Amino acid sequence: MGDDDVPQRLGRYRILDEIGRGGMATVYHAIQEGPHGFENHVALKLIHERLLEAHPRVVKMLVDEARVAARINHPNVLRILDLVEQENRVYMVMDFVDGISMRGVLDHARETRRPAQIAPVIEVLAAACEGIHAAHQLKAADGALLNLVHRDMKPGNIMVSIDGQV
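Just so you know, we're using this note's numbering here: the sequence shown kicks off at 2 and counts up by one.
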């Protein structure tokens, strides 16, 4: 399967749509399926196959990201639900956010030539900063700060759900 081929299924996850694509991975909206009709909407972050072949260290990067992010417990930080390695793929399972990114808000404002309302934008950015602060305050088992730095903070990675959760 090439990077442009959207898998229809990965294990117990049925892929619905591509959410976003970056240099290292593609994120998909999927449904986790279980016994007796159980379903849960999730997001899957899959490393690009070309990177797996050319740079095996990207698996370690994703594993490290998942391990650290799973320890952050804050309402403004996306939960990491699982890390899966199967079918020659490595992917992270995360909460699915049904909503819009700040990139979408800014793009809409530009397309309509109407500036985004400043008060809601500031509220969203303040909530995003609270989530980043929670990551910065994460400590190791011995109590020492981990000194985490989010290296991909951008409007496309700030999501607002349809019920207003950042």
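Please keep in mind that the hints were generated in silico from the structure rather than gathered at the bench. Everything numeric in this text was worked out from a predicted model, so none of it was measured. Here a beta-carbon is modelled for each residue, glycine too, at the ideal position from N, C-alpha and C. Check the hints yourself; a few may be wrong.
[Unchecked claim] Below, a list of computed lysine to aspartate or glutamate pairs in the DMTMM-like style, where the Cα atoms sit at most 25 Å apart:
hint, residue 1, residue 2
1, K61, D96
2, K61, D99
3, K155, E19
4, K61, D164
5, K155, E88
6, K155, D99
7, K61, D143
[Claimed, not checked] Quick list of simulated restraints, FRET-style, between CB atoms:
hint, residue 1, residue 2, range
8, P116, P8, 37 to 47 Å
9, H109, H56, 29 to 39 Å
10, G23, E131, 18 to 28 Å
11, P116, P36, 41 to 51 Å
12, Q118, R58, 37 to 47 Å
13, G21, P116, 21 to 31 Å
14, P8, A120, 20 to 30 Å
15, H109, K140, 35 to 45 Å
16, P116, A55, 39 to 49 Å
17, E54, E124, 35 to 45 Å
18, A110, G144, 42 to 52 Å
19, E19, N148, 27 to 37 Å
(message) Holds or violated: K61 and D143, Cα atoms, limit 25 Å.
(response) Measuring from Cα to Cα gives roughly 23 Å; hence the hint holds.
(message) Within 21 to 31 Å: is that where the Cβ-Cβ distance between G21 and P116 falls?
(response) holds, 24 Å
(request) Using the Cβ atoms, figure out if P116 sits within 39 to 49 Å of A55. (result) Holds, at about 43 Å.
(message) Please check whether E54 and E124 have a Cβ separation lying inside 35 to 45 Å.
(response) With Cβ atoms ~43 Å apart, the hint holds.
(request) Take the C-alpha atoms of K155 and D99, compute the straight-line distance between them, and say whether it is at most 25 Å. (result) Distance of about 18 Å is within 25 Å: holds.
(request) Using the beta carbons of A110 and G144, state whether their distance is inside 42 to 52 Å or not. (result) Since A110 and G144 have Cβ atoms about 44 Å apart, the given range 42 to 52 Å holds.
(message) Range first: 41 to 51 Å. Now tell me if the beta carbons of P116 and P36 are that far apart.
(response) Roughly 50 Å apart at Cβ, these two residues keep to the hinted range, so it holds.
(message) Between the beta carbons of H109 and K140, is the distance compatible with 35 to 45 Å?
(response) For K140 against H109, whose Cβ atoms are near 39 Å apart, the range 35 to 45 Å holds.
(message) A range of 37 to 47 Å was offered for this pair. Does it hold for the Cβ distance of P116 and P8?
(response) Taking Cβ atoms as reference, P116 and P8 lie about 40 Å apart, which means the hint holds.
(message) Would the hint linking K61 and D96 be met if the CA-CA limit is 25 Å?
(response) holds, 21 Å
(request) Evaluate the given range 20 to 30 Å for the C-beta pair formed by P8 and A120. (result) violated, 41 Å
(message) I want to verify a distance hint. Is the separation of the beta carbons of G23 and E131 within 18 to 28 Å?
(response) holds, 24 Å
In this structure, the hints that do not hold are numbers 2, 4, 5 and 14, in rising order.
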